[in-house]
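In case you want the letters, here they are:
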Amino acid sequence: MQEASPAQVHVPPTSFLRKHVFSLDHKVIGLQYYGLALAAVTLGMVLSWLMRFHLVWPNAAIPGLNFISKAGAPGGIITPEYYLSLLTMHGTLMVFFVLTNAPFAAFGNYFLPIQIGAEDMAFPRFNMMSFWTTLAAFLVLITAFFIPDGPPISGWTAYAPLSAIGSDAGPGLGWGQTLWAVSIALFCAGSLLGALNFISTTLDLRAKGMTFMRMPICTWAWFITSCIALLAFAVLLPACLLLILDRTAGTSFFIPSGLVVSDRLQPHAGGSPLLWQHLFWFFGHPEVYIAILPSMGIVSHVLMASMRKPLLSAKVIIYSMLSIGFLSWMVWGHHMFVSGMNPFSSLVFSFPTLTITIPATIMTLIWLGSLYGANIRMTAAALFALGFISMFVSGGVSGFFLAQPSIDIYLHATYFVVGHFHMVMGVASIFGVFAGTYFWFGKMTGRMLNETLGKVHFWITFIGTYCIFMPFHYLGLVGNVRRYSTFVDDFMGPLMPLHKFITIAALITGGGQLIFLFNLFHSRFWGKPAPQNPWDGTSLEWSVPSPPPWNNFGDVHPVVYHDSYQYGVKGSKGDYVMQDSPEQVVGG
Amino acid sequence: MSSTTYTPVALPAVQPVRAGVNIAARSAADGASRSGVWVAIFAITMSFAAFTSALFVREGAAVDWTHLVLPPILYANTIVLLLGSATLMAAGRAVNAHVLLDSRVVKTVMGWLIATLALGLLFIAGQYEAWRQLAAQGLFLSTNPNSSFFYVFTGMHILHLLGGIAALVYLVGQLVGSHTTFRRAAFHNTAIYWHFMGVLWLYLLFVLRTKL
Numbered sequence: 001m002q003e004a005s006p007a008q009v010h011v012p013p014t015s016f017l018r019k020h021v022f023s024l025d026h027k028v029i030g031l032q033y034y035g036l037a038l039a040a041v042t043l044g045m046v047l048s049w050l051m052r053f054h055l056v057w058p059n060a061a062i063p064g065l066n067f068i069s070k071a072g073a074p075g076g077i078i079t080p081e082y083y084l085s086l087l088t089m090h091g092t093l094m095v096f097f098v099l100t101n102a103p104f105a106a107f108g109n110y111f112l113p114i115q116i117g118a119e120d121m122a123f124p125r126f127n128m129m130s131f132w133t134t135l136a137a138f139l140v141l142i143t144a145f146f147i148p149d150g151p152p153i154s155g156w157t158a159y160a161p162l163s164a165i166g167s168d169a170g171p172g173l174g175w176g177q178t179l180w181a182v183s184i185a186l187f188c189a190g191s192l193l194g195a196l197n198f199i200s201t202t203l204d205l206r207a208k209g210m211t212f213m214r215m216p217i218c219t220w221a222w223f224i225t226s227c228i229a230l231l232a233f234a235v236l237l238p239a240c241l242l243l244i245l246d247r248t249a250g251t252s253f254f255i256p257s258g259l260v261v262s263d264r265l266q267p268h269a270g271g272s273p274l275l276w277q278h279l280f281w282f283f284g285h286p287e288v289y290i291a292i293l294p295s296m297g298i299v300s301h302v303l304m305a306s307m308r309k310p311l312l313s314a315k316v317i318i319y320s321m322l323s324i325g326f327l328s329w330m331v332w333g334h335h336m337f338v339s340g341m342n343p344f345s346s347l348v349f350s351f352p353t354l355t356i357t358i359p360a361t362i363m364t365l366i367w368l369g370s371l372y373g374a375n376i377r378m379t380a381a382a383l384f385a386l387g388f389i390s391m392f393v394s395g396g397v398s399g400f401f402l403a404q405p406s407i408d409i410y411l412h413a414t415y416f417v418v419g420h421f422h423m424v425m426g427v428a429s430i431f432g433v434f435a436g437t438y439f440w441f442g443k444m445t446g447r448m449l450n451e452t453l454g455k456v457h458f459w460i461t462f463i464g465t466y467c468i469f470m471p472f473h474y475l476g477l478v479g480n481v482r483r484y485s486t487f488v489d490d491f492m493g494p495l496m497p498l499h500k501f502i503t504i505a506a507l508i509t510g511g512g513q514l515i516f517l518f519n520l521f522h523s524r525f526w527g528k529p530a531p532q533n534p535w536d537g538t539s540l541e542w543s544v545p546s547p548p549p550w551n552n553f554g555d556v557h558p559v560v561y562h563d564s565y566q567y568g569v570k571g572s573k574g575d576y577v578m579q580d581s582p583e584q585v586v587g588g
Numbered sequence: 589m590s591s592t593t594y595t596p597v598a599l600p601a602v603q604p605v606r607a608g609v610n611i612a613a614r615s616a617a618d619g620a621s622r623s624g625v626w627v628a629i630f631a632i633t634m635s636f637a638a639f640t641s642a643l644f645v646r647e648g649a650a651v652d653w654t655h656l657v658l659p660p661i662l663y664a665n666t667i668v669l670l671l672g673s674a675t676l677m678a679a680g681r682a683v684n685a686h687v688l689l690d691s692r693v694v695k696t697v698m699g700w701l702i703a704t705l706a707l708g709l710l711f712i713a714g715q716y717e718a719w720r721q722l723a724a725q726g727l728f729l730s731t732n733p734n735s736s737f738f739y740v741f742t743g744m745h746i747l748h749l750l751g752g753i754a755a756l757v758y759l760v761g762q763l764v765g766s767h768t769t770f771r772r773a774a775f776h777n778t779a780i781y782w783h784f785m786g787v788l789w790l791y792l793l794f795v796l797r798t799k800l
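As given, the protein sequences belong to chains W and S, one line each in that order. Each residue of the first sequence is one higher than the one before, starting from 1 at the first, in the working numbering. Each residue of the second sequence is one higher than the one before, starting from 589 at the first, in the working numbering.
Treat the hints with care, since some could be wrong.
Negatives, chain W to chain S, calculated, CB over 10 Å [unchecked claim]: (1) 56; (2) 213; (3) 253; (4) 312; (5) 315; (6) 389; (7) 456; (8) 490.
Residues from chain S that face chain W, not an exhaustive set, calculated with beta carbons under 7 Å [unchecked claim]: (9) 619; (10) 645; (11) 707.
Bear in mind the hints are in silico, worked out from the structure with no lab data behind them. The beta-carbon is built from N, C-alpha and C at its ideal position, and this holds for glycine as well.
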C-alpha cells in the first residue's frame with residue numbers, strides 16, 4: 001500500500017466553525033448524525049405518547065396541543081385526522097431519521113474509517129454535505145407541524161392516490177404532503193452520498209494488512225448496509241420525484257381516472273396507485289434491513305468483547321449478512337399481499353420471505369451458541385446486546401406468520417403487524433444503538449457513561465418494551481385494526497384495559513429513557529475519564545486515544561496482523577491480541 | 589477533543605526542468621475516487637431503472653397510452669453527445685502520453701476539453717429545442733403519460749449531464765492559472781462519467797423510441 005500523498009491528507013481544522021459545525025472530520029459528522037437521531041427519537045417518542053394517550057383517553061384534553069394545531073387538536077383533544085398526522089410523522093421520523101441515522105450514519109461514520117485503519121472517509125466534503133442535506137430534510141419535515149393544514153395523514157408509506165391528489169384528500173395532504181415528499185427526497189440524496197462514502201472508503205482505504213476478512217463484523221455490517229442503501233434510496237428518490245410531479249405538475253403517474261374524492265372529480269387520468277406501492281416497497285423492504293444490519297454488527301462486536309471469546313463462526317455471520325442483503329431485494333411484495341395484485345405473485349414473494357429467515361436464524365444460533373460456556377462481562381453494553389437477541393427473536397418470529405399470504409390476509413393492517421415491526425425495528429435495532437452507545441461513548445467523548453444508570457436504563461427498557469409490544473400481537477389476532485384513533489365500544493371495548501396497560505407501560509418506559517438522556521449529558525461533562533481500551537477490545541478503534549485525534553492515527557499508518565476475533569487467546573499478554581499487534585498467534 | 593501538534597507533511601520532491609503542469613503522483617485517494625465514480629454510476633443506473641419500471645407499469649395499467657413521435661432533433665443531439673465523447677478521448681490521449689504538460693500540451697488538452705464542453709452545452713440546447721417542438725404540438729409535462737415520461741426522462745438526463753459539465757469546467761480550471769499539478773484521476777473519472785452519460789442517453793433514446 002503506497003504512502004499517502006498530500007492529496008489525501010486534509011489539513012487539521014482550526015476555526016470553531018470548521019471544528020464543530022461544517023466539519024470534514026468523519027468523527028464530528030458521526031456525532032452530528034447521532035445528535036440529529038437523538039432529536040428525532042425524542043420527538044418521535046413524544047408523538048407516540050400523544051397517540052397512546054389519545055387511544056385510551058380519547059376525550060381528555062392535552063394541555064398546550066391546541067397551540068401547536070388549532071385545527072388538529074381543538075381544545076387539546078386530538079381529532080381523528082390529527083391522530084393520523086401524528087402517526088405519519090412518528091413513522092417517518094423513526095424509520096428515516098432514527099433507524100437509518102443512528103446505527104448506520106452515526107456509528108458507521110464515526111467508526112468505519114478507524115476500524116479499517118483510515119484517516120478519514122474517502123470523500124470528506126461529500127460526507128459533510130450528506131449530513132447537512134439530512135439535517136435540511138429534517139427541518140423541512142418538521143415545518144409540516146407548523147403550517148395551518150398540518151402534517152400529512154397518509155402514513156409513513158404515503159400511499160397513492162390519496163397522497164398524490166393534493167388537499168382534496170384531506171387535512172395535511174396539501175402542503176404537508178409536499179413538504180414530506182421534498183423532505184424524503186432530500187433524505188434520499190443525503191443517504192446516497194453517505195452510502196457512496198462508506199463503499200469507496202471500505203474498498204480503497206483499508207490499512208496495510210486489513211484484508212476484507214480481517215475487518216470487524218460491524219464494519220462488514222456497515223459496508224453491506226451501504227450497498228443496500230445505495231440501491232434502495234436510488235429507487236425512492238425517483239418515486240418521490242414522480243409523487244411531487246403528480247402533486248404539483250398535474251401528471252398522473254399514480255392517480256387513476258375517474259377518481260372522485262371529497263365530491264370532486266380529480267382531473268388526473270390513467271395512473272396506477274399500485275405503482276407507488278411497488279416503488280415504495282422496493283425501497284421499503286431493503287430499508288428495514290438497513291435499519292437492522294448495523295445493529296446486528298454492533299451486537300456481534302460488543303458480544304465478543306464481553307464474552308472474551310470469538311463467535312463460533314464470524315465468516316458464517318458475514319455470509320449470512322450478505323445473504324440477507326441479497327434476498328432483501330426479492331421480498332417487497334409481502335407488504336402488498338392484500339393490495340389487489342395477482343395472488344400468484346404473492347406466492348412468488350412469500351417464498352423468499354420465508355427463505356430470508358434462514359440466514360437470520362443462523363445468525364441467532366451462532367450468537368446463542370457462542371454464548372454457551374462464556375464468562376460474560378456483564379456491562380450495560382453487554383446487557384443491551386443480549387437484549388437485542390431476545391427482541392430480535394421475539395419480533396422476528398411473528399414475521400413467519402406474516403410471510404404467508406393466507407394468514408396475512410387476516411393479520412394485515414392489524415396490531416399484529418405493528419407489534420412485529422416495532423419489536424424488530426423499534427426495539428431490537430434501538431437496543432443495538434444503545435449497546436453501541438454504552439460501548440463507544442468513552443471512545444467518542446473521552447468520558448465513560450455511568451454503568452449503574454446504564455443497567456437501570458436497560459431493565460426498565462427491556463421489561464417496558466416487552467410490556468408494550470408483546471400484547472400488540474394478541475390485539476392483532478383478535479382483530480384490532482391499526483391506524484384507528486378510537487375504537488367503537490361493542491367491538492374493541494373489552495380490549496381497552498389492555499390498551500390502558502400498554503399506554504401506562506409506554507409512558508413509564510419513555511420516562512426511563514430520561515435516565516439515558518441524563519446519563520448522556522452528565523457523563524459528557526462529568527463522567528469518569530475514559531482509558532484508551534476500557535473493554536479490552538481487539539479492533540483498531542481501541543488502539544487510538546479516547547477521543548481520537550483529528551486524523552485518527554496521528555502520523556502513524558496502522559499495520560494489521562490479525563482479524564478482530566483474537567479473544568480468549570492463551571499465551572498472549574492478557575487474554576486478547578489486538579489487530580495491530582505483531583504478536584504471533586495461531587490462526588490469526 | 590484533544591489536539592495534536594500538526595507537523596506539515598513534506599511534499600514529494602517536484603523536479604520540473606521546464607515550467608509546466610506536472611501530472612500528480614497517484615495516491616490512495618485517487619483509487620477511492622475511481623471506485624466512487626463507479627459506485628455513483630451504479631446508483632444512477634438504479635434510479636433510471638426505477639423510472640423505466642415506472643414507465644412499464646404505467647403503460648401496462650393505462651387506457652390512455654398514446655403514441656409520441658420523437659422530435660427528429662433528438663437524433664442530431666445524440667450525434668453531438670457522442671462526438672463529445674470522442675473529443676474527450678482525444679484529450680485523454682494527450683493527458684496519458686505526458687508526465688509533464690508543457691504549454692503546448694496544455695493548450696491541446698484544454699482545446700479538446702473545451703470542445704467537449706461546447707458539444708455538451710450544444711446537446712442541452714438541442715434537448716431544449718426538442719422540448720420546444722413538443723410544446724408547440726401541445727404536448728406538455730401533464731398532457732398525457734407519454735409526454736410526462738418524455739420530459740421526465742430527458743430532464744433527469746440533463747440534470748445528471750450538468751454534473752458532468754461542472755466536472756469539465758473544473759478540469760479546465762485546473763489547467764489554467766498558477767496550477768502546477770494535474771491529477772490524472774480527476775480527468776479519467778470525469779471521462780468515465782461523461783461516457784456513461786452518453787451510454788445512458790443511448791439507452792433512454794431506445795426506451796423512448798420503442799415505448800412511447
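Structure-based check of all given hints:
Look at residue 56 of chain W: its CB is around 42 Å from the nearest CB on chain S, clear of 10 Å, so calling it non-interface holds up. With a least CB separation of 19 Å from chain S, residue 213 of chain W remains clear of the 10 Å interface cut-off, as annotated. With a closest Cβ-Cβ approach of about 6 Å to chain S, residue 253 of chain W is found to fall inside the 10 Å limit, against its non-interface label. With a cut of 10 Å on Cβ distances, residue 312 of chain W stays outside the contact zone with chain S, its closest approach being about 33 Å.
No Cβ of chain S comes within 10 Å of the Cβ of residue 315 of chain W; the nearest lies about 24 Å off, and the non-interface call holds. Non-interface status of residue 389 of chain W relative to chain S is upheld: no Cβ of that chain comes within 10 Å, the nearest being about 33 Å off. Distance check on residue 456 of chain W: its Cβ is at least 30 Å (rounded) from any Cβ of chain S, clearing the 10 Å threshold; non-interface status holds. With a least CB separation of 40 Å from chain S, residue 490 of chain W remains clear of the 10 Å interface cut-off, as annotated.
For the restraint placing residue 619 of chain S at the interface with chain W, the shortest Cβ-Cβ distance is roughly 4 Å, inside the 7 Å limit, so the hint holds. For the restraint placing residue 645 of chain S at the interface with chain W, the shortest Cβ-Cβ distance is roughly 5 Å, inside the 7 Å limit, so the hint holds. At about 28 Å, the closest approach between the beta carbon of residue 707 of chain S and any beta carbon in chain W exceeds 7 Å, and the interface hint on this residue is violated.
Hints 3 and 11, counting from the list given before, are not met by this structure.
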